[in-house]
Structures are given as structure tokens and as C-alpha cells.
Amino acid sequence: MENYLLWQELMRDTATMDQVSWWQEFYVYFYQAFIEGDRWMQYLRGVGTTLVVTAMALVLGIVLGVLVAMVRTAHDQQRAGKHNPILGFFNGICKVYVTVIRGTPMMVQLLIMGFVIFSSSRSYTMIGALTLGINSGAYVAEIIRGGLMSLDPGQMEAGRSLGLSYGKTMRFIVIPQAFKAILPSLGNEFIILLKDTSLITVIGGKELVHAAQSIYGRTYGQMFPLIGVACVYLVLVMIFTWLVGILERRLRQSDRR
Amino acid sequence: MIDVKNLSKSFGDHMVLDNLSEHIYPGEKVVIIGPSGSGKSTFLRCLNLLETPTTGVITFDGDEITNPKVDINRIRQKMGMGFQHVNLFNNMTIRKNITLAPVQTGLMTKDEANEEATRLLQRVDLLEKADAYPSQLSGGQKQRIAIVRALAMKPKVMLFDEPTSALDPEMVGEVLQVMRELANDGMTMAVVTHEMGFAREVGTRILFMDGGKILEQNTPQEFFAHPQEQRTIDFLKSVL
Ligand SMILES: Nc1ncnc2c1ncn2[C@@H]1O[C@H](COP(=O)(O)OP(=O)(O)OP(=O)(O)O)[C@@H](O)[C@H]1O
Ligand SMILES: [Mg+2]
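In the order they appear, the protein sequences are chains A and R. The C-terminal position of the first sequence is numbered 257 in our numbering, with every residue numbered one higher than the one before it. The C-terminal position of the second sequence is numbered 240 in our numbering, with every residue numbered one higher than the one before it.
Hints were generated in silico from the structure; no laboratory data involved. Honestly, I wouldn't trust all of these hints.
What the hints assert, rightly or not - Lysine-lysine pairs mimicking DSSO-like chemistry, simulated, CA-CA at most 30 Å apart:
{"#": "1", "chain 1": "A", "residue 1": "K195", "chain 2": "A", "residue 2": "K95"}
{"#": "2", "chain 1": "R", "residue 1": "K78", "chain 2": "R", "residue 2": "K129"}
{"#": "3", "chain 1": "R", "residue 1": "K129", "chain 2": "R", "residue 2": "K96"}
{"#": "4", "chain 1": "R", "residue 1": "K156", "chain 2": "R", "residue 2": "K129"}
{"#": "5", "chain 1": "R", "residue 1": "K156", "chain 2": "R", "residue 2": "K78"}
{"#": "6", "chain 1": "A", "residue 1": "K168", "chain 2": "R", "residue 2": "K69"}
{"#": "7", "chain 1": "A", "residue 1": "K168", "chain 2": "R", "residue 2": "K129"}
{"#": "8", "chain 1": "R", "residue 1": "K78", "chain 2": "A", "residue 2": "K168"}
{"#": "9", "chain 1": "A", "residue 1": "K168", "chain 2": "R", "residue 2": "K154"}
{"#": "10", "chain 1": "R", "residue 1": "K213", "chain 2": "R", "residue 2": "K78"}
{"#": "11", "chain 1": "R", "residue 1": "K110", "chain 2": "A", "residue 2": "K168"}
{"#": "12", "chain 1": "R", "residue 1": "K154", "chain 2": "R", "residue 2": "K129"}
{"#": "13", "chain 1": "R", "residue 1": "K213", "chain 2": "R", "residue 2": "K237"}
{"#": "14", "chain 1": "A", "residue 1": "K95", "chain 2": "A", "residue 2": "K168"}
{"#": "15", "chain 1": "R", "residue 1": "K5", "chain 2": "R", "residue 2": "K156"}
{"#": "16", "chain 1": "A", "residue 1": "K180", "chain 2": "R", "residue 2": "K96"}
{"#": "17", "chain 1": "A", "residue 1": "K180", "chain 2": "R", "residue 2": "K129"}
{"#": "18", "chain 1": "R", "residue 1": "K156", "chain 2": "R", "residue 2": "K69"}
{"#": "19", "chain 1": "R", "residue 1": "K78", "chain 2": "R", "residue 2": "K5"}
{"#": "20", "chain 1": "R", "residue 1": "K213", "chain 2": "R", "residue 2": "K156"}
{"#": "21", "chain 1": "R", "residue 1": "K156", "chain 2": "A", "residue 2": "K168"}
{"#": "22", "chain 1": "A", "residue 1": "K180", "chain 2": "A", "residue 2": "K195"}
{"#": "23", "chain 1": "R", "residue 1": "K154", "chain 2": "R", "residue 2": "K110"}
{"#": "24", "chain 1": "A", "residue 1": "K180", "chain 2": "R", "residue 2": "K110"}
{"#": "25", "chain 1": "R", "residue 1": "K96", "chain 2": "A", "residue 2": "K168"}
{"#": "26", "chain 1": "R", "residue 1": "K110", "chain 2": "R", "residue 2": "K129"}
{"#": "27", "chain 1": "R", "residue 1": "K96", "chain 2": "R", "residue 2": "K78"}
Only chain A is shown next, with the shape it has when bound in the complex (with noise of 0.2 Å):
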């Protein structure tokens, strides 16, 4: 403590600079990036934030990709000849949705939500969530509507003809294969959504980036809090990449030959 005071007292001035050793004022940066003035629980703030964020628009990406991919498949599989004129209605919503979500970038959504739509409002942090959960929404409806149409319509078959009705088969039959068969795609998406969650700062959002980015307007030194910062992200992605590994075995038991 007393050394950080005075090894940073000698680099503020050229004249005496060169009387610190690198490691001396390695250890200044560290010291004012994550310890000064406990930086660091700033940092643990934006880390719980980031997880919040992620963690609803998590929730809200998986309900809305649920609803528009149960639609589009619904439609896309009635009996010819059989159209049901509210399911096209809900089709056709549901596909405008996708188009533009997936057909704008990420972050002119943020920017539009933030500024235009809900200018009026203070909670960046929620409109950061409800943003990203709509956005990764229509990359997860695409994702489960592959899944369920690349199971062999085979299975689908042999239920309907045991007399098993479209919800059940679909229930019992389809969606826990083809669920298996997304796992990877959807963990993927996660990742990605975990983040992009970064960018929620444009609109104010105070998580982990915003975190290193309001110390190093205080301290000037980028490099700390930067790598810092990524070094959280690296350990978040792996810890849920191997969660998705832990659940990808154990509903791999059924393929065990």
C-alpha cells in the first residue's frame, strides 16, 4: 500500500520514471485497475449484471423461439388442402419478426430500443435484456424449426398412426429428439447472447464492459480493465460450455450402442 503510493508518485513525473522497475509499475496499473478504492466490486457488479441480463434474455430468447417455432412448424405441417386461416395470420407475424431481427444488425436494435422507442425511460439494463431476448428470440425459433424438421418424418408417422394426437407426438416423440439435436446449435447461441450482452452498454447498460470502461476513464490505463474484462467472459464461456457438455452426455445414453 505505502509502495503503491510512492512507486506512483515517482511515475507521475518523467524526471523520476525511470526509478521504477517494470514490475513496479505492473503492479500500480493492477493495483488502480482492481484494487484502488475496491475497483474491483465494481467489476463483480457488472459481472452479476451481465448474468441478470443474460439470464432473462436467456429466458425471453427460449419462450419467443418456442412460440414462433411451434407456429411455423404447426403451419408448415398441416394436411394439405387443411389451412387454418388464424395459424397463417400467426405465420405470417411470426415471419416478419424473424426477417427483421435476423436481417438488421444487433446493435442499431439496442439503439432504437434505447433511444427511440423507449427514450423516455431510465432502465437501460432491462431494455438491454428485453432487446437482446427478442433478438436472440428468432435466431432460437430458426435453430428448434431445423431441429423439428430434420427429425425423420418417420417418427412423426408412426405416432400419428398409433393414434397418438399432433401435440403428443410432438411432446413424447419429437421435440426430446430433436432437442437433443439442437443442444449444441443452442449452446452456441448462448454463448453468442453472453456476449453481446457487452453491447448493451451503448445504451447505458451498466455491466461488466461498462464497468472497465467507467474505471479507466478515471485511471487512463486501458489495458487492465480490458483484459481483465475479457479474461471474465473467457471463464463465463467456458464454465457454460462445459455445463452444455455435461447435458449434451447425458442425453446421449439413448444413442449408447
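Following the hints, position chain R with the ligands against chain A.
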């Protein structure tokens, strides 16, 4: 038992079934043969509405199943189907494959369905596979399971679409044996197959399909001994 009147089916402007009428009586074992693309699968799949007929009326057990108001799930519970590609549910054990439909349709309680599954598995000599998954079974074993899975619903009629043609030759026999026993038990059956030996031995009536029509039909003895149509003669020459 199944009555088909003026059944036609088109995919786009491709007419696959051409104004076809037929009746399947209780206890009959109708064997449907014919060249590839003649509409055999489509005909069979129309019988339980896996394909929706373009026009025509199909009646099963007094219910007009082509009427859009009819509850097709209830009808299908009484019509079992065996597929060329077996289609066991890959995410479930063999026992679960068999018990799922009886339990979910309310036909049996869980215990009853389990008992029934045990009985059926014993019948095809596969009880030791009850807790295995489909991927752990041979092709012939899977097809035998698929047949008893359909039987668990206690159907009144069984439809088979080439149940042996995706199997390795050495496994065909075991599946045909199960079907033979089923026939001997008096099940009403409609079977699409290329196994002429089976058709001759088990069939009570042979339908020969070509170009979306039933071109010729007869008892197996007569059909194989004295085919009438030139197309039938050519076909039999190519497969026998
Ligand atoms: N879903 C479909 N969409 C479009 N065309 C189809 C469809 N199903 C079948 N067809 C066409 O209908 C015709 C009859 O097909 P079907 O499967 O009934 O013949 P098949 O007699 O069972 O032949 P195989 O012995 O090869 O099984 C074929 O020309 C096929 O291409
Ligand atoms: Mg066929």
C-alpha cells in the same frame, strides 16, 4: 371392414391413385403387389389417412373416415401400421415404445400397459431387450418390436408397407414369422410386399396394382398360376 369408394389421390398434377374402389373383409389377408411407383404405399397410407385422399370415400368399421369431422386419432388407434423404415421412437426404451400409445390414449393404465408389453415381448422372444434403446437392436429385432408396438393398441386391422424390404436378407425370416403368426391368429391384414413366397402362403387375396389402379386380383393360387393381364405376367416374370 374397410370400404374404399372411388379413391383418387394426386400430388400436384401427378395422379397417383386413379378412382380406385375396394373392400377388405374381416379376417382377410390382402397382399398388394406391383411395380415401384404404382401407388401401393399411397393406397395403404390413404387407408389410415397418413395421406389425405383427393377424392373418394373410405369407411372403416362403419365410420366414414374421410369425413373431416371424424376424430382420426380414435380411428387410427384401431388400425395398426408397420413401416418399411420401422420408425421406433429412438428416444425411448423398447418398453416405453410399446406402452406410450396405450397409456397416452387412455386405452390402458400404466400397469396394464407394462403387463401387455411384457406379454408381447415374450411373444416375439425379445423380453430381455425391454430396457434397451432402439439403436442397440438389429434391424429384424426392431421390426418385430415395431409390430408388437402396433399390436399393443389392440388394432382390428394391421397395415404393412414393405416391412422386410429394408432388412438384411438373414433377418427377413424372423419378421415374416411374426406376421405369419399374426395372420394365423386371425388378424385382418393388408400387406404391401415383394416377398412372393409370403404372398402365396399367407395371402387370401392378391391385388396387383399398376399406374394407380388395381389391375387384377385373385386368390394366390389362381393369381400366380394364371395371371390374366400382360402387365401382371411381365411383373411376375421380373420378380420370380
Ligand atoms: N409425398 C409425395 N409427394 C409427391 N409425390 C409423391 C409423394 N409420395 C409419393 N409420390 C409419388 O407417387 C407415386 C407412387 O408412389 P408410391 O410410394 O405409392 O409407390 P409404391 O407403389 O409404394 O412404390 P415402391 O414400390 O417404390 O414403394 C410415385 O411416383 C411417387 O413419386
Ligand atoms: Mg412404397
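Outcome of the hint check:
no.	hint	in the structure
1	A:K195 - A:K95	26 Å, holds
2	R:K78 - R:K129	26 Å, holds
3	R:K129 - R:K96	11 Å, holds
4	R:K156 - R:K129	27 Å, holds
5	R:K156 - R:K78	5 Å, holds
6	A:K168 - R:K69	20 Å, holds
7	A:K168 - R:K129	25 Å, holds
8	R:K78 - A:K168	18 Å, holds
9	A:K168 - R:K154	20 Å, holds
10	R:K213 - R:K78	26 Å, holds
11	R:K110 - A:K168	16 Å, holds
12	R:K154 - R:K129	22 Å, holds
13	R:K213 - R:K237	20 Å, holds
14	A:K95 - A:K168	25 Å, holds
15	R:K5 - R:K156	20 Å, holds
16	A:K180 - R:K96	18 Å, holds
17	A:K180 - R:K129	23 Å, holds
18	R:K156 - R:K69	22 Å, holds
19	R:K78 - R:K5	20 Å, holds
20	R:K213 - R:K156	26 Å, holds
21	R:K156 - A:K168	23 Å, holds
22	A:K180 - A:K195	24 Å, holds
23	R:K154 - R:K110	16 Å, holds
24	A:K180 - R:K110	26 Å, holds
25	R:K96 - A:K168	14 Å, holds
26	R:K110 - R:K129	19 Å, holds
27	R:K96 - R:K78	20 Å, holds
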